[in-house]
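Trainee: So the protein sequences, as listed, match chains A and B. Under the UniProt record's numbering, the first residue of the first sequence is numbered 1, with each subsequent residue one higher. Under the UniProt record's numbering, the first residue of the second sequence is numbered 1, with each subsequent residue one higher.
The set of hints was computed from the structure by calculation and includes no laboratory data. Some hints here could point you the wrong way.
A pair counts as met if it fits within one copy or between any two copies, since identical chains are not told apart.
What the hints assert, rightly or not - Simulated pairs of lysine to any residue, SDA-like, Cα-Cα distance not exceeding 20 Å:
#	residue 1	residue 2
1	K264	G26
2	K139	G26
3	K264	R241
4	K139	S167
5	K139	F35
6	K264	R191
Number of protein chains: 2
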Amino acid sequence: MSRYDLALIGFGGVNRALAELVFQRGDSLAEELGFALRVVAITDLRAGSLVDTDGIDLAPLLAAEPGELDFAGLPGGSTDPRNEWVIRHVPSDVVVEATFTNPADGEPALSHVRWALESGKHVCTTNKGPVALAGQALKALAAEHGVSFEFEGSVLSGTPVLRTAQSLFGGLEITGVEGIMNGTSNYVLGRIEEGVDLPAAIAEAQELGYAEADPTADIEGHDVQLKVMILANEVLGADLRREDIFCEGISTITPDEVRDAASKGLRWKLVGSATRNEDGSVDARVAPLALPSHHPLAGISGPVNAVSFHTDLLGTVTVSGPGAGRIETAYALLSDIIAIHQRHTSATRRVLQETHLV
Amino acid sequence: MSRYDLALIGFGGVNRALAELVFQRGDSLAEELGFALRVVAITDLRAGSLVDTDGIDLAPLLAAEPGELDFAGLPGGSTDPRNEWVIRHVPSDVVVEATFTNPADGEPALSHVRWALESGKHVCTTNKGPVALAGQALKALAAEHGVSFEFEGSVLSGTPVLRTAQSLFGGLEITGVEGIMNGTSNYVLGRIEEGVDLPAAIAEAQELGYAEADPTADIEGHDVQLKVMILANEVLGADLRREDIFCEGISTITPDEVRDAASKGLRWKLVGSATRNEDGSVDARVAPLALPSHHPLAGISGPVNAVSFHTDLLGTVTVSGPGAGRIETAYALLSDIIAIHQRHTSATRRVLQETHLV
């Protein structure tokens with residue numbers, strides 16, 4: 001049976017949830033999927049780095065409170081995250097990047113991904129920064145080194161949005177995408193419909209764990225802007241930069257506007273969209289829209305997210321599901337590893353075909 | 001480049017739309033997908049049969065009005081559909097079954113599928129009958145003969161419902177499915193909400209082409225019952241018969257009930273569902289339900305259909321899209337052929353691995 005050795009870069013909620021999956025379900029996953037998973041390195045800004053090329057014992061790490069982890073006292077541990085050294089030099093098959101998203105230049109995640117691909121290691125990530133800002137360059141770098149770069153979790157956590165477009169729409173032309181891709185703003189709009197004002201609705205979203213301490217990126221649309229960029233570039237083959245994407249959030253919508261629309265059967269939603277024009281160019285934008293009730297995104301409520309694909313032969317197909325959550329996002333990483341496994345074994349076959357062995 | 005020779009069984013709307021795709025887009029599909037398609041045989045209850053092992057010239061067939069087709073006067077043509085002979089003895093790679101659905105015993109489609117699989121030919125079908133009544137047996141027969149049996153179009157036309165569960169949910173446990181799987185009844189319920197009575201709403205659905213001349217199977221839930229059977233057996237690994245699935249349609253719901261619910265924010269929907277119990281058994285049913293507005297199926301309106309998957313790691317993921325339509329259903333067949341191509345080439349690889357050539 002194949003086995004993939006993982007290097008986890010960042011040990012916050014998502015990679016910790018992935019480690020839990022490996023620890024709790026590794027055997028049953030191996031039986032189902034045909035490959036085993038082992039964690040050989042972990043780095044974290046606060047906890048330091050931990051390396052064991054025979055496989056890290058995850059039990060004590062998962063038993064500790066997240067804030068209390070300190071790798072320095074453990075065999076193979078260090079207070080220094082040593083990211084570049086771990087990524088480049090510790091033998092691993094897949095580097096799993098789950099540090100924080102930096103929308104300005106994607107760093108340090110962008111460097112983490114580059115180092116891994118240059119070292120001939122597959123990468124999977126949930127980090128929007130490197131994918132949105134350098135997705136095409138990183139895919140080219142991966143191809144050059146014969147490895148995969150996977151990022152299902154960068155849009156709608158583990159809900160299979162990118163992979164639906166990549167693997168289930170063969171023979172279709174996708175002419176546009178639009179989605180509700182931020183749970184906080186969607187929850188807030190729903191609560192405003194119900195009579196709560198904006199600051200109170202944001203406070204509720206924070207209490208429920210949907211919104212960050214600083215909800216600006218959620219409320220002003222910047223989080224959705226990165227996801228639209230990823231969809232436009234990945235699904236429509238565009239090459240957009242952030243400044244190409246008009247972005248308006250929900251802070252300027254008044255409660256009166258929301259409730260007035262609701263009384264007419266319209267629902268305000270923060271919609272990110274990208275459309276291919278006749279000349280092949282792609283326009284993308286983020287803006288609040290008052291959607292009629294029959295619109296496929298009108299019924300997407302609360303923290304649920306959704307992406308609609310507009311296609312030539314099938315019309316509109318919509319995938320909805322969780323947009324966030326640590327387990328849900330960790331599942332995205334697992335689905336990436338499954339895709340790497342499938343592509344890697346297919347590649348072996350293609351080489352054989354090209355060398356006339358089959 | 002690979003090429004697949006197709007035998008089309010039934011030449012109604014769906015297989016005719018598939019022939020149009022092959023005729024109009026064959027070259028661009030081949031470039032994208034890496035395989036060519038050729039139609040070598042067509043059979044039809046009214047038009048007879050037509051065989052040309054060098055590839056049938058589709059242009060004159062597609063130029064004729066559907067009702068006027070008569071294969072008897074053409075070279076290789078006959079007034080007799082000769083289904084068994086064509087399926088068993090005309091050399092083809094894929095038999096595409098798209099005759100009418102018979103919910104009682106699945107015939108004659110069930111025999112068509114059996115003959116093809118026994119002859120070592122792949123089968124794809126949009127026909128609910130054989131899949132619902134004998135899906136597991138036919139899959140076993142296909143495996144025995146080293147071929148594939150694909151049926152994405154038996155549920156929600158080309159909307160990738162079965163294939164999402166089969167290929168994008170690796171590592172997940174699916175605990176239940178529920179869906180709106182009949183466009184006619186969903187359209188009718190929506191119109192009743194808007195004040196139209198049941199007979200008038202059915203007449204409208206017929207005019208719009210959603211409902212059959214005899215709308216009983218749509219309105220009484222029998223169509224959904226077959227689809228629930230397919231989902232329960234295929235996605236949850238059940239082995240249910242039709243009589244195991246409670247079935248209530250929408251004819252007993254009164255307009256007052258629908259509008260009263262709507263005034264409270266509830267929407268009546270005809271829901272088909274299947275749930276895995278603690279002991280591994282599966283319960284399935286079809287019944288109208290008044291759904292709260294935050295339910296993932298509440299916003300599915302008009303002829304749009306949807307299926308929600310309840311999972312352990314991802315919570316609920318919903319796929320919505322067209323539930324019918326000739327092009328949309330023909331696309332399901334194309335997606336089946338793509339899956340056959342991918343599986344067939346993967347199988348070649350596995351054989352090589354097992355014989356230690358890789």
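Trainee: Could you run down the list of hints and mark each one as holding or not?
Mentor: Structure-based check of each hint:
1. K264 to G26: Neither: 51 Å inside a chain and 47 Å across chains, both beyond 20 Å.
2. K139 to G26: neither (29 Å within a copy, 29 Å between copies)
3. K264 to R241: Neither: 37 Å inside a copy, 45 Å across copies.
4. K139 to S167: Within one copy only: 17 Å inside, 23 Å across.
5. K139 to F35: Cα proximity of K139 and F35: none, with 24 Å in one copy and 25 Å across.
6. K264 to R191: Both. Shortest intra-copy (17 Å) and inter-copy (17 Å) distances satisfy the 20 Å Cα cut-off.
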